[in-house]
Amino acid sequence: MSKEKSIKKTNIAIIGSGNIGCDLLIKINRSKVLKCNRFIGQNKDSDGLQMAKSLGINTSFDSINEIIKNPDCCDIVFDATSADAHKIHAPILKKLNKFTIDMTPSRIGKMCVPYLNLDECLKEKNVNMITCGGQATTPIISTIMKVHPETKYVEIVSSISSKSAGIGTRNNIDEYTQTTSDAIKILGGAPKSKAIIILNPAEPPILMHNTIFAQIENPNIAKLEKEINLTVNEIQKYIPGYKLTLGPVFENNRLTVMIEVTGQGDFLPIYAGNLDIINCAAITVAENYAKKYLNN
Amino acid sequence: MQKNILIIDSTLRDGSHAMSHQFTAQNISDYAKGAELAGTKILVVGHGNGLGASSLQLGQSLLSDKKMLTTAKKELTKTKLAVLLIPGYGTIKENIEPAISYGIDVLIVASHCTEANITKQHIQYGLNKGLEVYGVLMMSHMISADLLLKQALLMQEYGVKGVILMDSAGAYLPEDVTKKISSLVKGLKIEVGFHAHNNLGLAIANSLTAIKAGATILDVTSRGLGAGAGNCQLEVLAAILQKMDIKTNLDLYKLMDNSENIIAKLMKHPQVINNVTLTSGLAGVFSGFAPHVIKAANRFNVDARDILIELGKKKVVGGQEDIIIDVATFLKQKKDLKENNCNIESLQ
Numbered sequence: 020m021s022k023e024k025s026i027k028k029t030n031i032a033i034i035g036s037g038n039i040g041c042d043l044l045i046k047i048n049r050s051k052v053l054k055c056n057r058f059i060g061q062n063k064d065s066d067g068l069q070m071a072k073s074l075g076i077n078t079s080f081d082s083i084n085e086i087i088k089n090p091d092c093c094d095i096v097f098d099a100t101s102a103d104a105h106k107i108h109a110p111i112l113k114k115l116n117k118f119t120i121d122m123t124p125s126r127i128g129k130m131c132v133p134y135l136n137l138d139e140c141l142k143e144k145n146v147n148m149i150t151c152g153g154q155a156t157t158p159i160i161s162t163i164m165k166v167h168p169e170t171k172y173v174e175i176v177s178s179i180s181s182k183s184a185g186i187g188t189r190n191n192i193d194e195y196t197q198t199t200s201d202a203i204k205i206l207g208g209a210p211k212s213k214a215i216i217i218l219n220p221a222e223p224p225i226l227m228h229n230t231i232f233a234q235i236e237n238p239n240i241a242k243l244e245k246e247i248n249l250t251v252n253e254i255q256k257y258i259p260g261y262k263l264t265l266g267p268v269f270e271n272n273r274l275t276v277m278i279e280v281t282g283q284g285d286f287l288p289i290y291a292g293n294l295d296i297i298n299c300a301a302i303t304v305a306e307n308y309a310k311k312y313l314n315n
Numbered sequence: 498m499q500k501n502i503l504i505i506d507s508t509l510r511d512g513s514h515a516m517s518h519q520f521t522a523q524n525i526s527d528y529a530k531g532a533e534l535a536g537t538k539i540l541v542v543g544h545g546n547g548l549g550a551s552s553l554q555l556g557q558s559l560l561s562d563k564k565m566l567t568t569a570k571k572e573l574t575k576t577k578l579a580v581l582l583i584p585g586y587g588t589i590k591e592n593i594e595p596a597i598s599y600g601i602d603v604l605i606v607a608s609h610c611t612e613a614n615i616t617k618q619h620i621q622y623g624l625n626k627g628l629e630v631y632g633v634l635m636m637s638h639m640i641s642a643d644l645l646l647k648q649a650l651l652m653q654e655y656g657v658k659g660v661i662l663m664d665s666a667g668a669y670l671p672e673d674v675t676k677k678i679s680s681l682v683k684g685l686k687i688e689v690g691f692h693a694h695n696n697l698g699l700a701i702a703n704s705l706t707a708i709k710a711g712a713t714i715l716d717v718t719s720r721g722l723g724a725g726a727g728n729c730q731l732e733v734l735a736a737i738l739q740k741m742d743i744k745t746n747l748d749l750y751k752l753m754d755n756s757e758n759i760i761a762k763l764m765k766h767p768q769v770i771n772n773v774t775l776t777s778g779l780a781g782v783f784s785g786f787a788p789h790v791i792k793a794a795n796r797f798n799v800d801a802r803d804i805l806i807e808l809g810k811k812k813v814v815g816g817q818e819d820i821i822i823d824v825a826t827f828l829k830q831k832k833d834l835k836e837n838n839c840n841i842e843s844l845q
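Chains A and B, in that order, give the protein sequences.
For the first sequence, this note's numbering begins at 20 and goes up steadily by one.
For the second sequence, this note's numbering begins at 498 and goes up steadily by one.
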């Protein structure tokens, strides 16, 4: 007989059966706090829905209508569709009073990076997970800005393997780039920013690679190194494959830091660290929301 | 041959690579004036990697996109002003929208040759705004003719007027041109173009081969000014086309004058094939990498050619200039290790 109280898991739904949705599902199946009670797509023959069915998950191909019809199926909704679709979904989910975690670069809800602003975001009803590039780089940028508030400009280059960029990302490449650039300013604190996104088709696929450049006059490398390492250690608590691979180094009048993200190999192989970083961050938000407001 | 060939002049775009993106307003104004006089149909202006590409990663432009485009626009009446945009570098809101207000007529949307479906948003935005839109597949030496056609068909579906294959690494042999261009000409309903680089000394030959295979657009630069070993040299090509009786409606003497009196004078050094650019073509590495590779080679004391060969093995694509430092540090460590081992051996 177990002494532990059986904790009632919080029901969640995932809309969108692409790479992000499928990877979320596999990760949520391991959660001690969350249970995926609906996995929703729009095409009944999609590979994503087939996979979910094979895992014994309730599925639907009725898109947002499934939640309208069965509002009690979940307390938290992950929207892994597209920026355009989320614009339609957001007001509906708000009306249904669902805590919504937006995986698209739609920018409707508050931008969220758990390391930077988890507590503030838990007070919201719709949080936006920005982009994988934004999740990977804003914590480091924020750290650089703390050490060197006089930094004039920050730029990131996020390279991901073509195979890990699904059609949603591709159709939203413009929002993806713009939202990442905006997040560097809003969450990273840089006064001026730029984001460059590269899709690399190399075989075997490349690991997700992020370079952060900062324009600083006289960087204190020792202090930056210490602070950046502390930040990396914190992020590794929710994204195990997050790794500092180069820097901070100062060359060509720019500070350079490189981050590689190895995935856990859930839905796609380990090269797709970009799925892991945004999904682990989103699950961290959902679990904390559930613990704070729902499971007590 | 009787057909008309559209020459796109990219001197003030690809040429920007050879100038470390430091074209002055005077340079732009002088050349735009010359291009107009020569009867140029389309003049592309901007950073070497296009709109919004001025960056620490690729090199910062001396002038803003706004300054470059408005300066050129002032000199143009018949000649259409064009920009290149690579999705992932620039965005609609920050780059294309403003460029339209500066008076661009033509939008060229480029992606790596396997990633055409990231160009849909930008192509359709440009078409909706009434621009003439072309698609570009970069680094097109990396995939087969069949796969290129599939990607080009996507761009055709999005509505472009033509698709241009870029030999961004200068790695094509003439037979590659024939195979890939004919496949596109046969499979597409729209125009097909070619943009050559001279790393293997084949820029002119490959451009002519493209025409023979059915291409009707050639993207070239004055004096060959461009990334790496440079591009197909505009005035040379125009002279040859005249000799071959192929119409371009360009004034050959004016093109020569522009090359001699404007471009030759602003060039830092003649556009030549050297050890680095030749190796770059051989390794199939993006031509724009050359200056960054030379810098990294000097800083880490390794052979620039080794860096290029390593980059070629990694199949890096345009925009991944950050990987150069990675590769240079790796080669340096390997070299140090070797030297250390030698020392140990000599002690024994």
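Hint data in this document are derived by calculation from the structure and do not stem from the laboratory.
Treat the hints loosely; a few may be bogus.
Said to hold, decoys possible - Using C-beta positions, here's what the derived DEER-type ranges look like:
(1) B/796 x A/142: 40 to 50 angstroms
(2) B/625 x A/211: 44 to 54 angstroms
(3) B/772 x A/244: 55 to 65 angstroms
(4) B/522 x A/271: 19 to 29 angstroms
(5) B/624 x A/271: 55 to 65 angstroms
(6) B/798 x A/211: 48 to 58 angstroms
(7) A/240 x B/791: 22 to 32 angstroms
(8) A/111 x B/625: 50 to 60 angstroms
(9) B/686 x A/211: 51 to 61 angstroms
(10) B/522 x A/270: 25 to 35 angstroms
(11) A/268 x B/742: 54 to 64 angstroms
Positions of the beta carbon are idealized from the N, C-alpha and C atoms, including for glycine.
How the hints compare with the structure:
1. Judged by the Cβ atoms, the range 40 to 50 angstroms given for residue 796 of chain B and residue 142 of chain A holds: they are separated by roughly 48 angstroms.
2. Checking the proposed 44 to 54 angstroms range against residue 625 of chain B and residue 211 of chain A shows it is violated: the Cβ atoms sit about 30 angstroms from each other.
3. The hinted window of 55 to 65 angstroms between residue 772 of chain B and residue 244 of chain A is violated, with their beta carbons roughly 36 angstroms apart.
4. Separation of residue 522 of chain B from residue 271 of chain A is about 25 angstroms and conforms to the stated range, judged on CB atoms against 19 to 29 angstroms.
5. About 39 angstroms separates the C-beta atoms of residue 624 of chain B and residue 271 of chain A, a value inconsistent with the hinted range of 55 to 65 angstroms.
6. Between residue 798 of chain B and residue 211 of chain A, the C-beta spacing of about 34 angstroms breaks the proposed range 48 to 58 angstroms.
7. Checked against the hint of 22 to 32 angstroms, the C-beta distance between residue 240 of chain A and residue 791 of chain B comes to roughly 25 angstroms, which is consistent with it.
8. Look at residue 111 of chain A against residue 625 of chain B: about 28 angstroms separates their beta carbons, and that is not inside 50 to 60 angstroms.
9. In this structure, residue 686 of chain B and residue 211 of chain A break the distance hint of 51 to 61 angstroms, their C-beta atoms being roughly 44 angstroms apart.
10. A beta carbon spacing of about 30 angstroms between residue 522 of chain B and residue 270 of chain A agrees with the range 25 to 35 angstroms that was offered as a hint.
11. At about 57 angstroms, the beta-carbon gap between residue 268 of chain A and residue 742 of chain B stays in the expected band of 54 to 64 angstroms.
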